[in-house]
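Undergrad: Starting from the given sequences, assemble the full structure and let the hints guide the process.
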Amino acid sequence: MTSQMQPTTAPATAPEVDEAAGITVEARTQGQMIRRRFIRHRAALAGLITLAFVIVLSISSIGIDPPLLPKIPGWWDKDFTAIGAVVDGGSPTLSVVPTFLGGEGVQLGEHPFGQDNIGRDYFALTMRGAQISLMIAFIVGIVATLAGTLIGALAGFFRGWAEAVLMRLTDVVIAIPLLAIAAVISRRAGEIGPPVMAVGLGLVIWTSLARLVRGEILAIREKEFVEAARAAGTRASRIIVRHILPNLIGVIIVSATLTIAVAILLETALSFLGIGVQAPDTSLGRLISEYQSAFTTRPWLFWWPGIFIITIALAVNFIGDGLRDAFDPRQQRVRE
Amino acid sequence: MLAFIARRLVVSFFVLLAATFVMYLLVAFAGDPLEELYFDTSPNRDAKIEARTEALNLDTPVLLRYLGWLGGVSGCVIPGAECDWGLTATGQQVSTLIGGAIGQTLQLVIAATVIALVLGVMGGVVTALRQYSSLDYSATFAAFLFFSLPIFWVAVLLKQYVAIDFNNWLADPVVSTPVTIILGLISGGVWMMIIGGDRQRKQATFGIAAVASAAVVWVISATRWFEDPSLGPVLVALMAIGSALLMTALLAGFRYKRVMYATLATAGVGIVVNLFLDSIVSDPSWAIIALLLLITIVVSGGIGAAAGALLRRQAVTASIFTGVLTAGIIYVDRLLAAWAGYASSVGGRPIATFGARTPGFDGGYWQNTLDTATHLLLPTIAIALISFATYTRFTRASMLEVKSQDYVRTARAKGLSERVVNTRHAFRNALIPVTTLMAFDFGAVISGAVITENVFGWQGMGKMFIDRLFLPDPNPVMAFFVITGGAVVVFNMLADIAYAYLDPRIRL
Numbered sequence: 000m001t002s003q004m005q006p007t008t009a010p011a012t013a014p015e016v017d018e019a020a021g022i023t024v025e026a027r028t029q030g031q032m033i034r035r036r037f038i039r040h041r042a043a044l045a046g047l048i049t050l051a052f053v054i055v056l057s058i059s060s061i062g063i064d065p066p067l068l069p070k071i072p073g074w075w076d077k078d079f080t081a082i083g084a085v086v087d088g089g090s091p092t093l094s095v096v097p098t099f100l101g102g103e104g105v106q107l108g109e110h111p112f113g114q115d116n117i118g119r120d121y122f123a124l125t126m127r128g129a130q131i132s133l134m135i136a137f138i139v140g141i142v143a144t145l146a147g148t149l150i151g152a153l154a155g156f157f158r159g160w161a162e163a164v165l166m167r168l169t170d171v172v173i174a175i176p177l178l179a180i181a182a183v184i185s186r187r188a189g190e191i192g193p194p195v196m197a198v199g200l201g202l203v204i205w206t207s208l209a210r211l212v213r214g215e216i217l218a219i220r221e222k223e224f225v226e227a228a229r230a231a232g233t234r235a236s237r238i239i240v241r242h243i244l245p246n247l248i249g250v251i252i253v254s255a256t257l258t259i260a261v262a263i264l265l266e267t268a269l270s271f272l273g274i275g276v277q278a279p280d281t282s283l284g285r286l287i288s289e290y291q292s293a294f295t296t297r298p299w300l301f302w303w304p305g306i307f308i309i310t311i312a313l314a315v316n317f318i319g320d321g322l323r324d325a326f327d328p329r330q331q332r333v334r335e
Numbered sequence: 000m001l002a003f004i005a006r007r008l009v010v011s012f013f014v015l016l017a018a019t020f021v022m023y024l025l026v027a028f029a030g031d032p033l034e035e036l037y038f039d040t041s042p043n044r045d046a047k048i049e050a051r052t053e054a055l056n057l058d059t060p061v062l063l064r065y066l067g068w069l070g071g072v073s074g075c076v077i078p079g080a081e082c083d084w085g086l087t088a089t090g091q092q093v094s095t096l097i098g099g100a101i102g103q104t105l106q107l108v109i110a111a112t113v114i115a116l117v118l119g120v121m122g123g124v125v126t127a128l129r130q131y132s133s134l135d136y137s138a139t140f141a142a143f144l145f146f147s148l149p150i151f152w153v154a155v156l157l158k159q160y161v162a163i164d165f166n167n168w169l170a171d172p173v174v175s176t177p178v179t180i181i182l183g184l185i186s187g188g189v190w191m192m193i194i195g196g197d198r199q200r201k202q203a204t205f206g207i208a209a210v211a212s213a214a215v216v217w218v219i220s221a222t223r224w225f226e227d228p229s230l231g232p233v234l235v236a237l238m239a240i241g242s243a244l245l246m247t248a249l250l251a252g253f254r255y256k257r258v259m260y261a262t263l264a265t266a267g268v269g270i271v272v273n274l275f276l277d278s279i280v281s282d283p284s285w286a287i288i289a290l291l292l293l294i295t296i297v298v299s300g301g302i303g304a305a306a307g308a309l310l311r312r313q314a315v316t317a318s319i320f321t322g323v324l325t326a327g328i329i330y331v332d333r334l335l336a337a338w339a340g341y342a343s344s345v346g347g348r349p350i351a352t353f354g355a356r357t358p359g360f361d362g363g364y365w366q367n368t369l370d371t372a373t374h375l376l377l378p379t380i381a382i383a384l385i386s387f388a389t390y391t392r393f394t395r396a397s398m399l400e401v402k403s404q405d406y407v408r409t410a411r412a413k414g415l416s417e418r419v420v421n422t423r424h425a426f427r428n429a430l431i432p433v434t435t436l437m438a439f440d441f442g443a444v445i446s447g448a449v450i451t452e453n454v455f456g457w458q459g460m461g462k463m464f465i466d467r468l469f470l471p472d473p474n475p476v477m478a479f480f481v482i483t484g485g486a487v488v489v490f491n492m493l494a495d496i497a498y499a500y501l502d503p504r505i506r507l
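So the protein sequences, as listed, match chains B and R.
Numbering that gives the first Met the number 0 puts the first residue of the first sequence at 0, with every later residue one more than the last.
Numbering that gives the first Met the number 0 puts the first residue of the second sequence at 0, with every later residue one more than the last.
The set of hints was computed from the structure by calculation and includes no laboratory data.
No residue lacks a Cβ here, since even glycine has one placed at the ideal position from N, Cα and C.
Facing chain R, according to a computed beta carbon distance under 7 angstroms, are these residues of chain B, among others:
#1 Val171
#2 Leu177
#3 Gln291
TA: Printed below as a string of structure tokens:
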């Protein structure tokens, strides 16, 4: 993400030594400064590591089964659709208390997250749910970012009737509660499959980004450096690519991240209501919806997917916050 | 101003019109209302299909169907014309379906918004005043956590821990000693962070708050207060005086005594009147409660005006706030007095997990209000959590922004006290942008209501929407869109107007 910022600034030079003050001044590119600020934001870094861990865990454990391509197996030997005998009431075998503290030792066991009432391995199910939920969230994030940026940019660049039409279109989409319009779109999710549903969802939650991008462009195009470029006779396309876009990237990336967090919650909510991902496939929201009545008898069926949803959403939110601080130090939340 | 409102109205109208068109097409493509009938094996299947096709005009093209539907619905806004929301798939009138549902959703939405707004703004102001403190960081983390919580998941947890477990605990309302100590320590920590100051002051705050809270919990446990909770006249009096002092401190300060006299007099009148209210409020109607509130406002305003002298304006405001607060305390006291009776009549399990009210229950005004409140409690918390986080973050940012403005520095420089700077110069201006947030948040609250109504089995608009979308049954779904979309558009418009009115820098 940061490499995109590089062309706008001079490349890093060797450290200069300020003889008089006796200190070393290191020149940093915009990208380096952003990366440094992001890494200093501890919560954001922790969020990034957590999210990477969840993604790697969910993909590597049960493998992926992409359409048209051969299935890639994972290191976990159970399938999320396979029905087995229920062992010990299906309770989880995961243990994290070492033996010297009186526990059963750190081990995964046969069914670390337990089993559901028909003996399916819940670890495999949760991993599958996490995969689907993450995939939908990322597709929604990408589609919404592309659509929002495009619409906002068109409105901001061309002004006039294009702006009027596009912004009224945004108003139209905003006028309807998000969950409701998303529910209508994913009503047929069982037939169209999760990826298409995700694209549909992405096409309804771009509105805030479009407004943001438009506002930002309107502000940037009045800045002195744009005026200077225009006075020097720079072509419009070059002004857009060299002067306006690099200044937009921060807003876009931050907003894309937060959209992913919204998308995770939106997808799980829809699946919970029975409108999102359909059986035999599953998602984190669907798992909770399926097993909410078993809360008193098999609480783990309720806890695991919930914990994964919160972990993912929290991690993404913190990453977004860190990126905002990194791109726009004026809004800094953490004291230097 | 009028031209602006008129322009805004016209634009909003067309936005809503376009939105209904888009939604009508989407709903039409979302599913075929005849779907379930294709699998029907009864002999009169064809007749059923025909009847439904007739009721929903399914044999006309979707664009013409939209125009027909629009014609019927537009009757609801055009005076004199007949309002027609169309028929459901089973041939009922949609208007009868939404009539009852709107009330329940409205209750939920208003309760959640009010709670989130009040607590969120308070939280935002406190965290902004204590920027970079541990309280600030904890509140930030809590806000992020609330943003990341799935409402439906919280709702199920609330059902288990706040309703079922709390109801079980009510059977024997005793707090064990370790829990008392832990609660005391937590409360001490929170107060220490809120009040702040240097190390010594923090330690003192922590000690006093921890001991006081633990003592309160112990008393509640020892007297089995939850079996028959009430405040009693003494506690009511103390709380009324407390709110009088609080309002004086916030709005005027203690340097000139007149305002304090006014608020204390108001609280005193409230305390005395409370003793003679029994006959009027034993089983009042909402009209009587509203009338009493009106009288309270007039009387306390009068006291403030009479006692305020030079500080009349502050005295009137502070007195009215004190009066309303005192009235609120008395109201809660009366409500709590009905608790024991209510709890026993619902089998000792007062916190409800299902529906909007106990079916067939009627125990007079106070018990009925309690019934509504206990049913509202859980879904409201579930919805309000996210909104609360939004309001806290937004108010904090807004407050911090205002606090760095030049006029705040000027106010400090001319020697105004920190209280005056914060309440009169910073807080009031920081609230202006919150008006826009309220409109935005409304959509989120509606979405939250859709989920919680389904979890808690409320027969509101959200449940109707999801149920009918499943069938699918287009006309009730469209009714949901028109009503919520219309509300969102109207709220946005009101927010714009309020903003322009509150912030003179915005020219219309």
